[in-house]
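Visitor: All chains should be built: construct the whole structure from the sequences, respecting the hints.
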Amino acid sequence: MGLLTSPTAGGSSKKFANILIKWEPVVSPLLYIAGIIWFLALAYHPYNAGTYFSENALLPGLVTNEFSDGSELARLLKALEAEAADHPDTVPHPWIRAQFRQLGLQVYPHNFTLRYPLGNGSVFHGENTYAVLRAPRSGSTEALVLSAPYRRPGAPHPPNHAAVAMLVALAKYFRRQVYWAKDIVFLVTEHEQLGVAAWLSAYHQQPVGHGLLDAGDLPGRAGSIQAAINLEVESATVSHVDVLVEGLNGQLPNLDLVKMAHWICHQEHIQHTTQGRADHPRPHSEAGYRHSLQTLLHMMASQAAGTPTGNHGHYLRYGIQAVTLRALDDRAMPGPRSGLSHLARVLEGMFRSLNNLLERFHQSFFFYLMPATGRYISIGLYMPPFALVAIGIVLRALTCWLRLPDTDDSERQQEAEGAESVGKKGGDACDRPSEPWPLAAVLPCVLAPHALGAVTLAGLVPLTQLLAAAGWPTERAVFAGLLTVSVGSLLLPAITNRRSPLSESGRLLLRCVTLIELGLLVFTAALFNISLALIVTTLYTPVALSARYYSSAPARLLASLCLLLVHPFTLQLAAVALGAPALAWRAVLAADQRALAVALVDSLVYGARLLDVACTVLLPLWLQMWTLVHCG
Amino acid sequence: MLIVVNHIILMLADDMACNPRNPRPATVFNNANQHINVYGSDVEVDYRGDEVTVERLVRLLTGRLEPSTPPTKRLLTDDRSNVLIYMTGHGGDGFLKFQDAEEITSTELADAFEQMWQQRRYNNIFFMIDTCQAASMYEKFYSPNILAVASSQVGEDSLSHHLDSSLGVYVIDKYTYHALDFMEKLRKDSKKSMADFLRVCPRHQCVSTVGVRSDLFPRNPADVRVTEFFGSVRHVERTDRLVDLGDGDTETPVTVGTRVETAAPAPAGSYRYVAQFPVMS
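As given, the protein sequences belong to chains A and B, one line each in that order. Under this note's numbering, the residue at position 59 of the first sequence is numbered 59, and the numbers go up by one with no gaps. Under this note's numbering, the residue at position 53 of the second sequence is numbered 53, and the numbers go up by one with no gaps.
These aren't lab readings, by the way, just hints derived from the structure by calculation. A couple of the hints might just be wrong.
[As the list claims (entries may be wrong)] Short, incomplete list of chain B residues facing chain A, as computed with Cβ under 10 Å:
no., residue
1, C18
2, P20
3, N22
4, R24
5, P25
6, D100
7, A101
8, H161
9, L163
10, D164
11, Y170
[As the list claims (entries may be wrong)] Per the computed footprint, the stretches of chain A lying under chain B, defined by three or more beta-carbons under 8 Å from a beta-carbon of chain B, are:
no., segment
12, 350-356
13, 371-383
14, 587-596
[What the hints assert, rightly or not] Derived contacts from chain B toward chain A, CB cut-off under 10 Å, selection only:
no., residue
15, P23
16, S166
17, G168
18, R203
In this text, all values refer to a predicted model and were calculated from it rather than measured experimentally. Virtual Cβ for every residue (Gly too), placed ideally from N, Cα, C.
Guide: In structure tokens, the structure reads:
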């Protein structure tokens, strides 16, 4: 019997409870604001730290990179582009395999099939090619991967022929060297992230996608993969290299690998960026701070979405540290342009350093945020401000708990009944309601939204299949399904509260449960995807703290409007609109439909959790808050 | 300036020369010019790989090796031998790292030297160590006739000298580089003293401060030639005259040129080597 079960038992704990109940409504908003200010301040240069190498075995950039075969690279690029022009509808696997075979590497094909789950359920086939360069003087126990996605002309993404040509040229150069201690796998994938996910699933014999993705088995392997680099080269002249880090569900690669990519680009005098933005020349100034802050927010937006920004995201799931290097020619970027040879030397330098490793990456950070290419905010720096922002939820939950009646104290009940008979005051926050806990009234308010969320998530796929028979495109079906659920569920309070309306203690209990659930969501999400947790906390804390029954109708209306603004559906629509500010409304809606369908497919095939969490946790939470506002 | 190969015992982890990462297989260079392969055919590695452990080093120093150990792997020194011990690698305050798995502490080393003294396995020891915080390793010595030099003090790091950018590694440390430089300029008849050698690599060259322990050494290092420890030079004069060494007491002078035939006096007592592996039965 401690504070939790009988909060009003002892004298001192009763005093503590009273202090908390009295001051919490003031303290929580203050802590929220302080946390937000602290977090935003972390983007300022003196308040974060510079990246450094923790793994000394990397010896990055110490060796002179000697790749100089630029003419071979140009010849390969030209041949590949001619091949692609001849066969625009297929991936030129025969050409790629012939090139690798001529170099003496072991070349293998890999076929995979995807049974598309939505709509009419078509079947997609794909094929990857990979070539293994065996280490000349050591056993094939470890491997490094250099992968490039092949994009056909006409694909939505920019062409990537230069990267495939670089793979062949680098394979030729690497083959002549004697210093490789690990096997090197050159992987050319099809269908963007699907090809890589399938290859890795087959390599590790781990099924992905609950039977939707049939990856088969690989004819040849190369040992335990230690690290991987994904290459996307959009043009033969390079203005800058963007180092992409965000992986599936916000997982990030080891900071040593990211730092190494930036360091070696810097050594070869190639401009390197993070989030597509180079560093501000004067980071201590106010303009510098704004620049860093914007870079930080970009990273948080892409980490919160949970979709990998490049093929490297799928390697991270297997503990293989990976980054994507995207080299492009941006007219707006000042500075000299580099050629493909420079980029090849960067890759050579990275592979020489990775070759030095005896252990997997384990020294440096796995949880961080980067406001600039050479700065990082570690988990130790961003967790305290996050905790401040979110602590209001916990404090309010505690306050609601303390205000609940004490079911064991019959004396108190009689006292309260006596007080009630005299005449009770309404709306006083310190009043102790005297009824026992109304579980029968509160339970449906909690279970019904959760059941609705679960049914929604499970029912989206059958819905698309049903509507596809009626001729609806899948995107529109998903959009319509979610919109219907969102709008229809607004009536939920009327249904659950009709039979047994909530008393005051019922409302308190429901608030307590809602706040605890929200706290649970954000604090656990903060452990592995801080951006998502922080965004949800920032938007939901003020709403959750103020979501209660208001006796006056205008206050209720205002609360409803605020709640509608943070509805998960509204939020994702706003996110899509913010991501493409120049589009007209129709285009935004079309993009939103596509985004929802893609989120669903990602959830089913790759295991991206954003849609799942939004449907099964966030939507029920929102509905509970809606019930609280409308439970009178 | 050389010590004959069969007077050298070399213990290496030996994972560099034939490492798959070595761009010049089977070679080890100590200079970026890559002129001399120090892992050449005249190098004999006595202990390599898994044999290089703290236990093996202590057994080697104290002589407690298995009966099957060949003589080339034994430290066959006696009470007139001057022993040079050079250690390098990763170290810290009071320890030197062995092979990523264990460490030898300064106390262990000091005790090993004391055992050597009690067994009369050395006349003088010259101890050189090039690691980080190297001076901590000689702090605990308590046996006589030891002269020690270390590349850095406690709290200081010993630094590498230069990078070979075609190999991608730092090939030699600052103190060892300057010590070798000093050695390469010596000849067999050089008059340089140990004090000169102890002054090698001052602060402005080594960045770390070279430490010296000379309180256990009975003579002034300035009076000791470097060739006493390096080069095993002995001044030999050939004669075919008989030398009378007397009766063993100090009053009869030594005379030269007289044929004397006396029985050698019986020794007062005799020393005997203790059995290397005590029989415990």
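Visitor: Now tell me, hint by hint, if it's right for this structure.
Guide: A quick look at each hint next to the structure:
1. Interface hint status for B:C18: upheld, as the beta-carbon distance to the closest one in chain A is roughly 8 Å, under 10 Å.
2. Given the 10 Å rule on beta carbons, the hint for B:P20 holds: about 4 Å separates it from the nearest Cβ of chain A.
3. A cut of 10 Å between beta carbons decides the hint on B:N22: the least distance to chain A is about 7 Å, and the hint holds.
4. At about 9 Å, the closest approach between the beta carbon of B:R24 and any beta carbon in chain A falls short of 10 Å, and the interface hint on this residue holds.
5. At about 6 Å, the closest approach between the beta carbon of B:P25 and any beta carbon in chain A falls short of 10 Å, and the interface hint on this residue holds.
6. Because the closest C-beta pair between B:D100 and chain A is about 9 Å apart, less than 10 Å, the hint holds.
7. About 13 Å separates the beta-carbon of B:A101 from the nearest beta-carbon of chain A, more than 10 Å, and the hint is not met.
8. The criterion of a C-beta within 10 Å of any C-beta in chain A is not met by B:H161, whose closest approach is roughly 14 Å, and the hint is violated.
9. Taking 10 Å as the C-beta cut-off, the interface hint given for B:L163 holds, the closest approach to chain A being about 6 Å.
10. A cut of 10 Å between beta carbons decides the hint on B:D164: the least distance to chain A is about 9 Å, and the hint holds.
11. Nearest Cβ of chain A to the Cβ of B:Y170: about 8 Å, under the 10 Å cut. The hint holds.
12. Three residues within the 8 Å Cβ limit are the bar, and the segment 350-356 of chain A against chain B gives 3, so the coverage statement holds.
13. Figure legend: the segment 371-383 of chain A, annotated as covered by chain B; annotation inconsistent (0 residues with Cβ-Cβ distances under 8 Å, at least 3 required).
14. Counting residues of the segment 587-596 of chain A whose C-beta sits closer than 8 Å to any C-beta of chain B gives 0, which falls short of three, so the coverage hint is violated.
15. Taking 10 Å as the C-beta cut-off, the interface hint given for B:P23 holds, the closest approach to chain A being about 4 Å.
16. A distance limit of 10 Å between C-beta atoms decides the matter here; for B:S166 the minimum to chain A is near 6 Å, and the interface restraint holds.
17. Nearest Cβ of chain A to the Cβ of B:G168: about 3 Å, under the 10 Å cut. The hint holds.
18. Here the hint on B:R203 is broken, as its CB sits about 25 Å from the closest CB of chain A, past 10 Å.
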